[in-house]
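Protein chains: 2
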Amino acid sequence: MSRPYNFSAGPATMPEEVLAQAAAEMLDWHGSGMSVMEMSHRGKAFMSICAQAEADLRELLAVPEHFRILFMQGGGLAENAIVPMNLSRGGTVDFVVTGAWSQKSHQEAQKYCHAQLAASSADSGFTTLPDPASWRLSRGASYLHLCSNETIHGVEFHELPDLRALGSDAPLVIDFSSHVLSRPIDWQRVGLAFGGAQKNIGPAGLTLVIVREDLLGHALAICPSAFDYRTVADNGSMFNTPPTYAIYVAGLTFQWIQRQREGDARGVAAMEQRAIARSQLLYDAIDRSEVFYNPVDRAHRSRMNVPFFLREPGPDGAAYARFLAGAEARGLLQLKGHKSVGGLRASLYNAMPLAGVQALVDWMREFERTQA
Amino acid sequence: MSRPYNFSAGPATMPEEVLAQAAAEMLDWHGSGMSVMEMSHRGKAFMSICAQAEADLRELLAVPEHFRILFMQGGGLAENAIVPMNLSRGGTVDFVVTGAWSQKSHQEAQKYCHAQLAASSADSGFTTLPDPASWRLSRGASYLHLCSNETIHGVEFHELPDLRALGSDAPLVIDFSSHVLSRPIDWQRVGLAFGGAQKNIGPAGLTLVIVREDLLGHALAICPSAFDYRTVADNGSMFNTPPTYAIYVAGLTFQWIQRQREGDARGVAAMEQRAIARSQLLYDAIDRSEVFYNPVDRAHRSRMNVPFFLREPGPDGAAYARFLAGAEARGLLQLKGHKSVGGLRASLYNAMPLAGVQALVDWMREFERTQA
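Which chain is which? The protein sequence lines are F and B, in order.
Residues in the first sequence are numbered from 1 upward in steps of one, following the working numbering.
Residues in the second sequence are numbered from 1 upward in steps of one, following the working numbering.
Any given hint could turn out to be false.
With a Cα cut of at most 35 Å, we get these calculated DSBU-like pairs of lysine-lysine [said to hold, decoys possible]:
1. B:Lys-339 to F:Lys-111
2. F:Lys-104 to B:Lys-44
3. B:Lys-339 to B:Lys-104
Non-contacting residues of chain F with respect to chain B, defined by C-beta distances greater than 12 Å in every case (computed) [as the list claims (entries may be wrong)]:
4. Asp-28
5. His-66
6. Glu-108
7. Ser-124
8. Asp-186
9. Ala-269
10. Phe-309
11. Glu-312
12. Arg-322
13. Lys-339
14. Glu-366
Derived from the structure by calculation, the hints contain no laboratory data.
In this text, a Cβ means the ideal position worked out from N, Cα and C, and glycines have one as well.
Hey, can you work out the whole structure from these sequences and the hints?
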């Protein structure tokens, strides 16, 4: 059968080439006679896989030399505790709350530091982003946290704030779980970026942390050794056994991204062009529709996660059920919205072809004509 | 090519059937059109995979109903912090130190509680186990921790201590990373068991925690939510995105164990018979040899991890290099000892066929005749 289009918010669709390569190499990686899953993490074979994955990620995101790349475990939710344990020094941390994920980060950090609310778009129902000029920045804050793409509410910082221009020396910490590798990162504005791999990269169980060297070494005494960035960095992400197979699959995905081209653009630049094309196609269809709508401020709409709703869902949301059943029949999967906001959501990660979005838009038009 | 025998201590050899099934299902799990890696962890398909894995593990280990099975991340090293954060209540905890792993557990716990040394076999170079009758048990200890199989030093508690008979009410916590599913567990003697999956089960990045219901809900305030057993249990291991593919592969391994038979024995009982046969074959060969030796007290030798040494390693350990090169040429892989103790080590996990141990013993005899 031809593969359906999978719009899951994460774990999420992956490039077919990556899955096919993983399947082909499952029993015997490069003539080693072993599966990658069976390799000692300290053996030559896996060490080379891990080093290549790190080098490829560094190349793709143009990560400067004074940043360390860490492969960790626990996902974004664990990092909500691990970041303040490592960076807060028990002091004040500023939070910009723009949706469900930054809200969780703000709440969890209160266990470890004075977590101050610098700005929030809660009043808007998280449909816009607060203007950086209005943020209340704390003097001497250990860092400022924001979520650069809110997977549930569908708002994205298309440009990261320049905290220095706003009068703050605090390092910027970004949760880039759901947009990593869909656009370049301006590392001059960032102190630390973290994200789970299960959205835009592939395998759940791998967490990326990219951190400026000078921010290492300040963990609280109660920070578990396995989550102390200094310890993880000093041991090349091998202090504890890393999620080896997930690192391998992420590495295959990095190589897939390196091979992609859109005109003159390659790698992450090509991914960004595709992300713009995919999201424009869907937002245009929504905005032209009299049946569907997206509530997010157009300037801050996410290219990765598009929540959308029916103006007339009908009794008990019967129209949603009809839309989802018809979608599934057409091979358009996992379009149900997050339970906290309801409605529909299409996640358009790197591995989603434009044809998948076109198929979704076609079904939306048909639904509008015949069933709405 | 025929698959070599992989004696790695972890990540480690896996059943070929499991790898073949994972490869066959990589692009399309059961007609879903999706890889397991691409499935939302909250979707029906993955929820069924996860529930089946949990049920199969419960059946295999005869886990009573009042114990919860948690799928977590971070491995044994992270659990060294997570267990005391959840169970110590900041009080006194007793540690029995019998090798490198329990030593690390004891050290890490000091961040969270009064970690008391109840017994240690350090004086013997960790070649025996201290007699439970000699343990100095603290009054009112929150729990007692031991590592029931020391992967590096090759000592194993073949019987778990009965703390109540020793006059203690403390729950027993065991690190069963490197023997899980190779023998039954007497749950009447256990409060909590934890272990990384990358030794006897398969994929790195998955941590098992099996915990008695009444021990939940006492986490320290500084425990990250993602590692609070109560939170993990209440959310069916889905508070944060679990390592979905690793859970799937572990589930395939559980089903493989269920299919195994040795005479009338099936499942874990069959695994135990094989473990006894494998380890006896190797220990007998070592004990009969004038070239190799194993320093561990015969009563406490591990069935899973067999460290062994050359009586005359030669200058710069040249004889070890010859042994390892000859082993590799015969498809006997990853036999180098852990860097902290040197020498050789053969890990004989569930997926290691007896023929693999026989091939190793054959090479040892040939080496002894011709090259020692």
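Inset, instruction - Sort out which numbered hints this structure fails and list those numbers smallest first. - result: As far as the earlier hints go, 1, 4, 6 and 13 are violated by this structure, in ascending order.
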